[in-house]
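**Student:** Model the full assembly from the supplied sequences, consistent with the hints where possible.
First to last, the sequence lines map onto chains A and B.
227 is the number that this note's numbering gives to position 226 of the first sequence; each next residue is one higher, with no gaps.
270 is the number that this note's numbering gives to position 269 of the second sequence; each next residue is one higher, with no gaps.
Be careful, since some hints might not be right.
Identical chains share a label here; the pair holds if one copy fits it or two copies do between them.
As the list claims (entries may be wrong) - Under the rule of at most 30 Å between Cα atoms (straight-line distance), these lysine-lysine pairs were calculated in the DSSO-like manner:
id	residue 1	residue 2
1	Lys315	Lys52
2	Lys41	Lys4
3	Lys224	Lys326
4	Lys299	Lys120
5	Lys249	Lys326
6	Lys120	Lys274
7	Lys323	Lys249
8	Lys274	Lys223
9	Lys313	Lys274
10	Lys274	Lys299
11	Lys142	Lys376
No wet-lab data here; the hints were simulated from the structure.
This structure is a prediction, so every number in the text was calculated from the model and none was measured.
There are 2 protein chains.
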Amino acid sequence: MKKNVLIIGAGGVAQVVAHKCAQNNDVLGDVHIASRTVEKCRKIVESVHEKKALKVDGTLAAHTLDALDTEAVKALIRSTGSQIVINVGSAFVNMSVLSACIDTGAAYLDTAIHEDPLKICEAPPWYANYEWKRREECARKGITAVLGAGFDPGVVNAYAALARDEYFDKIESVDIIDVNAGEHGRWFATNFDPEINFREFTGQVWSWQNRQWVSNQMFEVKKVWDLPVVGERTTYMTGHDEIHSLSKNLDVPHVRFWMGFGERYITVFTVLKNLGLLSEQPITTAEGQQVVPLKVVKAVLPDPSSLAPEYKGKTCIGDLVKGIKDGKEREVFIYNIADHEEAYKEVASQGISYTAGVPAAAAAILIARGDWDVKTMANVEELPPRPFLGLLDRMGLPTCIRDEQGERRLHFA
Amino acid sequence: MKKNVLIIGAGGVAQVVAHKCAQNNDVLGDVHIASRTVEKCRKIVESVHEKKALKVDGTLAAHTLDALDTEAVKALIRSTGSQIVINVGSAFVNMSVLSACIDTGAAYLDTAIHEDPLKICEAPPWYANYEWKRREECARKGITAVLGAGFDPGVVNAYAALARDEYFDKIESVDIIDVNAGEHGRWFATNFDPEINFREFTGQVWSWQNRQWVSNQMFEVKKVWDLPVVGERTTYMTGHDEIHSLSKNLDVPHVRFWMGFGERYITVFTVLKNLGLLSEQPITTAEGQQVVPLKVVKAVLPDPSSLAPEYKGKTCIGDLVKGIKDGKEREVFIYNIADHEEAYKEVASQGISYTAGVPAAAAAILIARGDWDVKTMANVEELPPRPFLGLLDRMGLPTCIRDEQGERRLHFA
Numbered sequence: 002m003k004k005n006v007l008i009i010g011a012g013g014v015a016q017v018v019a020h021k022c023a024q025n026n027d028v029l030g031d032v033h034i035a036s037r038t039v040e041k042c043r044k045i046v047e048s049v050h051e052k053k054a055l056k057v058d059g060t061l062a063a064h065t066l067d068a069l070d071t072e073a074v075k076a077l078i079r080s081t082g083s084q085i086v087i088n089v090g091s092a093f094v095n096m097s098v099l100s101a102c103i104d105t106g107a108a109y110l111d112t113a114i115h116e117d118p119l120k121i122c123e124a125p126p127w128y129a130n131y132e133w134k135r136r137e138e139c140a141r142k143g144i145t146a147v148l149g150a151g152f153d154p155g156v157v158n159a160y161a162a163l164a165r166d167e168y169f170d171k172i173e174s175v176d177i178i179d180v181n182a183g184e185h186g187r188w189f190a191t192n193f194d195p196e197i198n199f200r201e202f203t204g205q206v207w208s209w210q211n212r213q214w215v216s217n218q219m220f221e222v223k224k225v226w227d228l229p230v231v232g233e234r235t236t237y238m239t240g241h242d243e244i245h246s247l248s249k250n251l252d253v254p255h256v257r258f259w260m261g262f263g264e265r266y267i268t269v270f271t272v273l274k275n276l277g278l279l280s281e282q283p284i285t286t287a288e289g290q291q292v293v294p295l296k297v298v299k300a301v302l303p304d305p306s307s308l309a310p311e312y313k314g315k316t317c318i319g320d321l322v323k324g325i326k327d328g329k330e331r332e333v334f335i336y337n338i339a340d341h342e343e344a345y346k347e348v349a350s351q352g353i354s355y356t357a358g359v360p361a362a363a364a365a366i367l368i369a370r371g372d373w374d375v376k377t378m379a380n381v382e383e384l385p386p387r388p389f390l391g392l393l394d395r396m397g398l399p400t401c402i403r404d405e406q407g408e409r410r411l412h413f414a
Numbered sequence: 002m003k004k005n006v007l008i009i010g011a012g013g014v015a016q017v018v019a020h021k022c023a024q025n026n027d028v029l030g031d032v033h034i035a036s037r038t039v040e041k042c043r044k045i046v047e048s049v050h051e052k053k054a055l056k057v058d059g060t061l062a063a064h065t066l067d068a069l070d071t072e073a074v075k076a077l078i079r080s081t082g083s084q085i086v087i088n089v090g091s092a093f094v095n096m097s098v099l100s101a102c103i104d105t106g107a108a109y110l111d112t113a114i115h116e117d118p119l120k121i122c123e124a125p126p127w128y129a130n131y132e133w134k135r136r137e138e139c140a141r142k143g144i145t146a147v148l149g150a151g152f153d154p155g156v157v158n159a160y161a162a163l164a165r166d167e168y169f170d171k172i173e174s175v176d177i178i179d180v181n182a183g184e185h186g187r188w189f190a191t192n193f194d195p196e197i198n199f200r201e202f203t204g205q206v207w208s209w210q211n212r213q214w215v216s217n218q219m220f221e222v223k224k225v226w227d228l229p230v231v232g233e234r235t236t237y238m239t240g241h242d243e244i245h246s247l248s249k250n251l252d253v254p255h256v257r258f259w260m261g262f263g264e265r266y267i268t269v270f271t272v273l274k275n276l277g278l279l280s281e282q283p284i285t286t287a288e289g290q291q292v293v294p295l296k297v298v299k300a301v302l303p304d305p306s307s308l309a310p311e312y313k314g315k316t317c318i319g320d321l322v323k324g325i326k327d328g329k330e331r332e333v334f335i336y337n338i339a340d341h342e343e344a345y346k347e348v349a350s351q352g353i354s355y356t357a358g359v360p361a362a363a364a365a366i367l368i369a370r371g372d373w374d375v376k377t378m379a380n381v382e383e384l385p386p387r388p389f390l391g392l393l394d395r396m397g398l399p400t401c402i403r404d405e406q407g408e409r410r411l412h413f414a
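**Tutor:** Okay, here's the thing in structure tokens:
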């Protein structure tokens, strides 16, 4: 049993995590939120109070923190008595926060892979470049570190584990499909941190095919799917975190990721990329100023959390799994449908932040309860999926399936 | 009679001006080139020597100069003994350079209007915001200051003056059409300084219609023309310097400017503009760095002068003039066709720089000779067009006409 959570980060996902932790503070204990800009943490605290989200009276506090500074993270973990750290800060702080957890004995969890600011789309598997290098140390010291516990990666990894455990004897392929059929009404915006969003797509696209890493270009491989609720949608093969753990942890020949993109996104991406404005490498202006173009693009784009009030429509994210069960070929699609307006009503966030933040809070609850307090480093597919999916069902992210019997909601009693 | 020229600026246009001044140094005397980055001046000097462009033995020298610093400009004018200053530097330095000329008695000429870095598309007429405020002073002190002596503005103003003097009793409309039918082979590039290029189009489009200023949005008004040599071309109504003097100096109800744009330009412009990346106002990144987005866009785009070696195809720029002659309606199109490859062969520049730079050198020769040494400030349409067009004919920019008798080259004996 662990308690008291420290949330690192104060963006859209942190907002959702804070609301969900507050709603479950009878289990989680104190809730602390820390980021570089304490003002953003204070706004989240206010928002939680506005929604009267705290289940029981308790601590909810904002802190200033440079999460790249391991000693500062350690000091805050200790001073707040936090036993669980939910890292939903920038993708650049995973390793410094993980170090702080290892040194203090706190459990660690995050929702996205570590990145080096000056590198993109490194050699696969990505987890082996950073996180997995600390895996043995976590096991030796009994540190619980759950990697990639958002929706994708996260819930989709649990869907794959569920498919493996209950729907297949042998899996041939896992195609993860992520479609946002919502409309934010802006000319252009990304649904999460533009810097991280674009970094996902500016390098090569890694996929796992025939048990090998295959490299493609972004927008090179296109596939149209007919999906529940959101209907026919165009997606493109995309590099994504979960391929880099599922390829190792599941004995599966094909793991691919498909993301839905509209024409507008493709146009904007193509222009910015071809002009060199998505580069993570500094350039020098005629005036001699050193600037990273991608950080300028981030600065001019709408803050993703500002999209929430006007966001309408639904997301559909899931795993299309093909394989053999009882000697017969089968195909199941395990998925969730989330609604932007409902997310905003509940936690004042848009649906993309909601789908990423709720699982992180659920994972924290599972660590607090012990179900997932595994005293080692684990990706989500290595952990029991049922407690996670059962909790998500009650926390706002129900799991559905489409198989030979049609579409229906799954229940995890 | 004036002699010794100081060229301010070291971009693509300065390169052409330097070559053309060198080719005419028997008239112009010493040739000096100055810019913030002396290395760029030195490269131009080298290029002139490579082409053996100096007509007679003489001085050709490179200097470092901050052209915003009037005292520094004055000192350089004096130390070089320059009596003619050709300002082809950034659009932000006109007024500081003009001040230096007024104080030292040197003749001034430029190819584009003054701009304030933090303002775009100010109230019309643009010349009244800056240059014309010094007009009386120039007249009083006998300073020759020729404004806008590139191609457009510049040669197109002379075409309008020629039409007024020789082809019409009364002009109804002047439509200036600028089409670059060349191909540089890059995914995207601007043909001159991207910062100045985009600044032309991010604000409102001012045109002179029914003797009034009319405001439109960029890409709002489209017109397809069938032009000599380059054929059918799509253009858009655009704000441009020459409208702001011709509307005052010509007694004409309509003066409009039309620029040709391809689909790629429109897509890139639309994305950058809608995202806020063409803004001339500083923004702050998440890391707290103050940056002007437009300067970052400029920094990532190809240097326009780097396009020259691969540039192929032709430009067509001219004035479509409608009005009355001898009681009858008529329409003439006075124009030039320039060729990118020929420009590169002669002066190692692309055609856009060539069309802007050759007229500036021609204007300097006219000042040196006395034809245009008018001891006051003047826009090109206020000066005799025949000596200018005759000189241009011999310097590489022949004038053609399309009228009732078809298309033919004009001769200025």
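**Student:** Now tell me, hint by hint, if it's right for this structure.
**Tutor:** Right, here's what the structure says about each hint:
no., hint, result
1, Lys315 with Lys52, "within (23 Å within a copy, 65 Å between copies)"
2, Lys41 with Lys4, "within (24 Å within a copy, 64 Å between copies)"
3, Lys224 with Lys326, "within (26 Å within a copy, 65 Å between copies)"
4, Lys299 with Lys120, "both (17 Å within a copy, 24 Å between copies)"
5, Lys249 with Lys326, "within (22 Å within a copy, 84 Å between copies)"
6, Lys120 with Lys274, "both (16 Å within a copy, 28 Å between copies)"
7, Lys323 with Lys249, "within (18 Å within a copy, 75 Å between copies)"
8, Lys274 with Lys223, "both (19 Å within a copy, 29 Å between copies)"
9, Lys313 with Lys274, "both (28 Å within a copy, 26 Å between copies)"
10, Lys274 with Lys299, "both (13 Å within a copy, 15 Å between copies)"
11, Lys142 with Lys376, "within (8 Å within a copy, 87 Å between copies)"
The structure shown violates none of the earlier numbered hints.
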